[in-house]
Amino acid sequence: MITRINQLPTLRVDPANKVVFDYKGKDYVGVKGDTVATALYHNGVRIFGRSLKYHRPRGLYSLDGECSNTCMEIDGIPNVRTENTLVKQGMKVKEQNVKGSAENDMMGFIDKLDWMMPAGFYYKTMHKPASIWPIAMKQIRKAAGLGVLSPDFEMPGKFDQIFPSADVVVIGGGPAGMNAALAAADKGLRVIIMESRPWLGGFFDYRTFDYKDAQYKNSKPLYSRARELASKVESHANIRVFKHTSVVGTYTNNLVTGFQIGGDNDKFNERYIEIRAKSVVVAAGCIERPLLFENNERPGVMQVACAHRLARTYGILAGEKAVFSVGHDLGLEAAVDLFDLGMKIICVADVREDGQNPYLMIELAKRNIPYLKGWVASEAHGSKRVNKVTMTTLDGTISRDFECDLVVASAGLTPINGHLTLAHAKLRYDSHTNFFVADTMPEKTHAAGRMLGLEDSLSIEVSGKLAGLNAALDCKLMPQSYGNTEVDALKSEIESFTAQSKELPGPARGSKFVTAPVKGRKTFICFDEDTTIKNIKQTIDMGFDVPELIKRFTSAGTGPGQGGIPGHNLPLYVAKYTAASSKCFSSSSSSSIQSLGATPKPTNVRPPLVPTLIATYSGSKHIMMKRTPMDEMQRADGGVFRKIGVWERARYFSDDFSCKKEIENVRNNVGMLDGSTLGKFRIHGPDALKVLQRVYVSDMSKVKTGRVKYSAMCNDDGCVIDDGVVVKLAENDYYFTTSTARAGATIEWLRYHTRFDGWDFYVVNLTDSMGVINLSGPNARKVLQKITSEDVSNSAFPFSGYKEFIIKDTIPVKAMRLGFVGELSYELHVPSSYMVSLWNMVKDAGKEFNIQNFGVEAQNVLRMEKCHIILGQESEQRTNLLDLGLGFLWDRTKKDAKTIGAVALRQAENDPTRFRLVGFEMENNGRAARDGALIVDDKVRGYVCTARDSFTLNKAVGMALVESHLAKVGTRIQIFEDECKGELIYGTVVPMPFYDPDGKRMKS
Amino acid sequence: MFGKYKPLWGEKTQLKSSYDVVIIGGGLHSLATAYFLAKEHGITDVAIIEKNYIGFGGAGRNTAIVRANQRTQYNVPLYKEALDLWPVLTKELDYNLMFNNCGNLNLMHSEAAMKAARMTIATAQFHGVESHLLDAKEAKELVPALNISEDITFPIHGAMFHPPGGIVRHDAVVWGLAKGASKYGVQIHQQTEATAVNTKNGKIVSVETSRGTINTSKVLISAGGYSASLIYGMLGIKLPISVLTIQAMVTQPLKPLLNHVVSSGAYHCYANQTLKGEIATGAHMDQWPNYTTQTTAHYIKHQAEALSEFLPCLRGLRFMRIWSGLADMTPDMAPILDGNDQIKGFFMNCGWGYFGFKSCTVSGKYMAEFIAKGEAPDMIKPFNLRRYEQHKLMGETAELVTYTPNN
Amino acid sequence: MVEIKRYSPVAFKASPKRTEVRDNWTVVLEYDGEGQAAFGQSSVNDNYLVDLSHITRFDVQSSNLDSITPFGIKIPQGLCESYLQDGVLINRMNRIQASVFCLPNKKNEMLTECKCDADCKCDPQNSSSYTETTEVGMCMAIIGKNVFSITEKLTSLDFMDSAKTTPFLYQAPMSHIPCQIITLSRDSAKSGIIFTASRGYGKDMVHAIMDAGEEFGLKPAGEDKFKSWLNNL
Amino acid sequence: MSLTITCPICGKRDGYEFRFGGEDKGPRPEEDGLTPQRWCEYVHLNECVAGVQKEWWVHKDGCGSWFTIHRDSVMNVEVATLEAHK
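Residue numbers (our numbering), protein chains in the order written: chain E, 1 to 1004; chain B, 1 to 407; chain C, 1 to 233; chain Z, 1 to 86.
With the rest of the complex left out, here is chain E:
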């Protein structure tokens, strides 16, 4: 354990507030505000884990979780970024991908075998002979992967989601972002600012620097300026602050997504955030470009901000003796500051030839810190952690070794462009800043701050303010938003700030891309995937010349940290190497080929910008299903429910899924079925009939008052999409039903197919407003008559009849005589709120007959015996109305109606090769073929739609779709079932329907 400096004004931890957690079974002590990584570092942990491929030791490198070096298992959750996770009392922390421990990993020897594993080696090996591949594959799988997850793991914690509205979203809570937020909020706009760290402040937050030439009137340290801005932002009524919130996606039309990690007072562990803004400001800042040299990821090598923030934010000195190899003033600043905090700085090497801040040079000199201009680290030494570093001049001519326990290495800065590119900014390589910068910005999106290459504090703040004002202008220019005067005032304010910003320092010159003069066998361009410079060269030599392809071939940038580490270096290295190796390019005249080498092309960045838990994305998802008004009563009666489409429906009423009792009860007595899920509609208005003529195949002008008409709707291929009944309520006023599945799409179907006609009609979806009881069986009339005084005798209310009456002077009923199940049946449509009462009445009335429920499966069998079809069960994409034997519904005379499906039916009706729906019974009293069994000869000739052992008929019957040459009654069909092992079973085509062919029962 190292001593913590606990008096710094920049600290974000509370050293007095201890937090005890468990690391590998032992108690460790951190302090409140520590991340798991800083707490471990404080406790002396240097090797956090082992790398994916070579099992190399890995440690703290960036402190922002840009690579998998410090990913650990926390509380059973694998791959947690410990640098971004606050330590909590009782947390259980474990290292990953080690055999033994991270310190002593038995797999560590693999690092020596790298020569066996050049780029893409697995494509060239392990397939000869073929028999070794399955064995090799097993080993690969075991070796690959980082964390471990048990199949019965249950994710603890509460996850939530919000979709807040905002005018302006600001990504990044640094000085530029905060200025942007304030500027827009001051214009009366609703602003959301999102910051990934648990506090606002960005790269001002840990810096005590107070440039002597600072432009602030009252010169003050940067961290206090940050805190001043933060308190303004947090107290602004128009600004909503989401801290500890990572933005993970930005999309067209200004959709921004992210997630927030809950604090002590939040009711969630993490919550998903999705915002549709009118304008977006991106002020995401920069990360450091990793310096490329041998063993550049050895524990003890870390980036500038990592070492600096460890000290300033967490009070931890990263090492005792440090060598710096940097390419940016922030490196010089850190060296000076860390020196003052007590670190021994052996030397500072700077790859830049010029451009250093003179003030910092003086400060270095004052402290007698040796400064090596034009030098760079070329190799870190030490098997598990750094004990020495070789420094070299850029041309490699002079080298020197320095003993140290810390190498602070950074090649310079690179902007965090992901938020822009995801929203389709096009990037261009800018040779001044050496940044990829946005060439074209997404609509209504503004960038600000360091990512533009700005380094001067005031420039950064003004750029933020300007971005905020521009975002405000976007909002105010939106239709019907604000008046002209306000817009004009805003425009002139923007002009004046633009002028002001031109007086300030612009984008700074960035350090050039340099690589240490080494072969690169252990120079890692991607830590997560163990990809070296050497691998990249090999890949390019094989003809892969586009960074995106190289990424695929070497996996560089596809690990847990995605592009964080290789994002900048890979494209630059590829450009450099391809330009140097001419053999990759022919002498072709095509400019597109030539352009490949010289200009660096960024690799694609993809969401989520930060790895995001599936639990977090899932948020607080609720299952939304529909229930009928009789839901609870049917459950009380033992209903076995199934989710079917949007509904929950009772499919069975006992454990006997053959439904014998339910079926026999309907055939011999009386049963009741909940048919409430049927689609129900009213269509009225002057052109209502025209619409029906368009969508139904029958002549709907023949619908008679007091009668129901059964018909079907087809699609433009002539396939049946729906069937149901239509009732005429008045002139151009109809009530009709659809199948359950079609209910949701019916109105849009009607409107779609009449969209060019300008017809005047009105449709109301009444599906949920009516509960439906299907009362079926020979005793149905007796039951119904008991609850109504209406004459429901066969003469007063015959088959296909429609009646409206009121039960007990209260409940209005629309009643239909239908026969789907083949028995005397009434379909009673009543207002849903009364459904429970009516259901109870029917049950009460049916008590003397021992009335029973029946479910959807019983209905399925009953109607099958009657050869009534269910769409989707006896029909599919290849079957049209005629194939199903429903041609009688089609009225060919109403040509003017342009009935949907008619054209296709006419064109296909004489085609002999189509499927036909047939009825069949099994031979020799055999059991029913299973649904889905095939009808075959030497080819597949059709399939069984529905077949059952019929209790009613005492034989196995079913319906099948078969090629038409097999459709004749008497034809023997051969049935191939799954798992039949070639043993066919046989059936014979028989006339349909099987049950009550004359319809006496349903009509009586």
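FYI, nobody ran anything at the bench for these hints, they're computed from the structure. Careful, some of the hints might be misleading.
What the hints assert, rightly or not - Subject to a maximum C-alpha distance of 25 Å in a straight line, what follows is the list of computed DSS-like cross-link-like pairs (lysine-lysine):
| id | chain 1 | residue 1 | chain 2 | residue 2 |
| --- | --- | --- | --- | --- |
| 1 | E | K128 | B | K276 |
| 2 | E | K534 | B | K6 |
| 3 | Z | K12 | E | K444 |
| 4 | C | K145 | E | K158 |
| 5 | B | K392 | Z | K25 |
| 6 | E | K94 | B | K276 |
| 7 | E | K128 | B | K6 |
| 8 | E | K124 | B | K91 |
| 9 | E | K53 | E | K220 |
| 10 | E | K138 | B | K276 |
| 11 | Z | K60 | C | K164 |
| 12 | B | K255 | E | K138 |
| 13 | E | K690 | Z | K25 |
| 14 | B | K115 | B | K392 |
| 15 | B | K91 | E | K138 |
| 16 | B | K255 | E | K92 |
| 17 | E | K243 | C | K145 |
| 18 | B | K140 | E | K939 |
| 19 | E | K661 | E | K444 |
| 20 | B | K91 | E | K981 |
| 21 | B | K276 | E | K53 |
| 22 | E | K158 | C | K203 |
| 23 | E | K142 | B | K140 |
To be verified - Simulated restraints, written as ranges between beta carbons of each label pair:
| id | chain 1 | residue 1 | chain 2 | residue 2 | range |
| --- | --- | --- | --- | --- | --- |
| 24 | B | L142 | E | K88 | 32 to 40 Å |
| 25 | B | S217 | E | F888 | 49 to 57 Å |
| 26 | E | K112 | B | N52 | 33 to 41 Å |
| 27 | B | N52 | E | A136 | 46 to 54 Å |
| 28 | B | D341 | Z | A80 | 38 to 46 Å |
| 29 | E | M441 | C | D187 | 24 to 32 Å |
Where is the CB? At the ideal position from N, CA and C, for every residue including glycine.
Starting from the known structure of chain E, arrange chains B, C and Z on it as the hints suggest.
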């Protein structure tokens, strides 16, 4: 063991002024067609014209899942042959395609789905392809992470288990075929855009490219998601295709957890573990035409919701990367393999939807035969374009066609 | 004898304290524990979910909506505008369609001054342009201080859109279910929305809203609470 | 990508509230003399424009209206007219 690092698919060459066959699109179907044209039919004077780089499109963006458990008898034998080809090609190309035949488990969430599965299984078995129906408990034995409880949106009733299916390393197939084709002399021209196809008297005469005109009498357009737009744009032939963006994603890598490909139609979701340890998952398509390879916030959330329900342990995992590609969907979910019909010498291979990876080698094989002989081989005859005007959709899906890509 | 009752699609996990039978509905006026005070007069967390599924609603459609005046009130002309008068809330859904809600404080004697003839376009019960839709959906109100903190967990709709003035209509999904949502007040202390959605989703919708509202102390409340809130608008 | 669509009734909304209704192919063809080819073209065939096209949408989770918009299928964004973004 590894030798020198030489360009895998030949040195870059000048574009010639004529070729026997020009193939537009540098994806898997094109590379396979070129490979088989050269290997089986001795036609080696072939140019592949690719606007970006080989494998830029669907070839590098697909699920990597292979299987032969389709719905109809036209498709199953085709995909069966494709499955059988992986080991053969690994050997022929001397390139490890990393076929992991871990088997596919397709979840069923209702009685109706179980029936549909039984038909598909019977069709597979009838054609000698292994496939079995499992109940929910058996499915969980294979995939212990499955949630077979009732309290999810789509409770699991059972599954169709198809042992011979699995995963193939998709990029390896691209590079392997490119390597194989170029060995026979096929020229692969990357960064070269085909801009027009010229015809005379109903015959193909030449192809215009960004690098000059190529005279040829035979052109194949097999440019994946871009085919339909190219075919209409260059030749005025409209196709029953809707190009949709399909998305997929991976989680952070993990030690072995899933040993099979798991998929669910109801959840619009598949998941399998790559050799690297990532859980690869995806399947969603926005149901309107797109040529964008952008991804959506909507979908990554949807996917998380779905996985949270049926593979709940994955809630503790993190999504790392989401990407998308194009799927050229036809109304009957079957491709269009046609040629020498509207224009002599013009061939098309498109409409594979999201089945383009599984089928690429076998489609290349038969399209090569078609191009070489001028007559469609029996195996692919049913996949002609005219089936739509004859009202004979193939039935690879049972879904009815309405006005939209998703019905 | 089976007692004839009407049931709401919505049920709360709370016991009714005072109820009233109205047209066979058992309307809960107050739940246990909701606090007796009228809206806005109790202490801390004033956030309530009220079931109004029993209130009468109509769909009205016509190519000439101007000629139709439900209960004598003009239908608002602007698309997706709402109008509240005398306890009648009228929402313009599109060019030919509007919905009419008879809120609990609607006067009973509204049509006495109507001078229409037989096919009275003012009387929803008598004109064929109307269809009663009470039974089609659930109808609930969320009222209180944190209404929009609750709704932002369920929908991305911008209820605070400065281009809109209350009351206004959204036809949009909430918790994935298509709804008609009318924002009646955005006044922070007494915000409120009233919404309808397909009846079948009643149970799951209550669950989703109560879950979203838990951290804000959302409680079921009876009709009286809504009435006092409405009278306060 | 994150499509928004401007509904003529409800204004700009999230694209997932809508359902796509096909390329705009105009009214149903007259049935007299209609060939299978022409009918197939109307029902099944598309131009598959990679660029701006006119297409039908329905606001399924909102007001239920059918309407046309112009959309750039390459960027997946609604555009004002056919000319825009070309």
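Status of the hints after comparison with the structure:
1. K128/E with K276/B: 21 Å, holds
2. K534/E with K6/B: Holds - the C-alpha atoms of K6/B and K534/E are around 15 Å apart, at most 25 Å.
3. K12/Z with K444/E: Distance of about 16 Å is within 25 Å: holds.
4. K145/C with K158/E: 24 Å, holds
5. K392/B with K25/Z: 22 Å, holds
6. K94/E with K276/B: 21 Å, holds
7. K128/E with K6/B: Status holds; Cα separation ~21 Å.
8. K124/E with K91/B: 11 Å, holds
9. K53/E with K220/E: 48 Å, violated
10. K138/E with K276/B: Roughly 11 Å separates the two Cα atoms, so the pair holds.
11. K60/Z with K164/C: 23 Å, holds
12. K255/B with K138/E: Status holds; Cα separation ~11 Å.
13. K690/E with K25/Z: 22 Å, holds
14. K115/B with K392/B: Holds, because 23 Å separates the two Cα atoms, which is no more than 25 Å.
15. K91/B with K138/E: Holds - the C-alpha atoms of K138/E and K91/B are around 20 Å apart, at most 25 Å.
16. K255/B with K92/E: Holds, because 20 Å separates the two Cα atoms, which is no more than 25 Å.
17. K243/E with K145/C: 24 Å, holds
18. K140/B with K939/E: 34 Å, violated
19. K661/E with K444/E: 67 Å, violated
20. K91/B with K981/E: 33 Å, violated
21. K276/B with K53/E: 10 Å, holds
22. K158/E with K203/C: With Cα atoms ~22 Å apart, K158/E and K203/C stay inside 25 Å; holds.
23. K142/E with K140/B: 22 Å, holds
24. L142/B with K88/E: 32 to 40 Å: 37 Å, holds
25. S217/B with F888/E: 49 to 57 Å: At roughly 54 Å between Cβ atoms, F888/E and S217/B fall inside 49 to 57 Å, so the hint holds.
26. K112/E with N52/B: 33 to 41 Å: 39 Å, holds
27. N52/B with A136/E: 46 to 54 Å: With Cβ atoms ~33 Å apart, the hint is violated.
28. D341/B with A80/Z: 38 to 46 Å: 40 Å, holds
29. M441/E with D187/C: 24 to 32 Å: Given a distance of about 38 Å, which is not inside 24 to 32 Å, the answer is violated.
Hints 9, 18, 19, 20, 27 and 29 from the list above are not met by this structure, while the remaining hints are.
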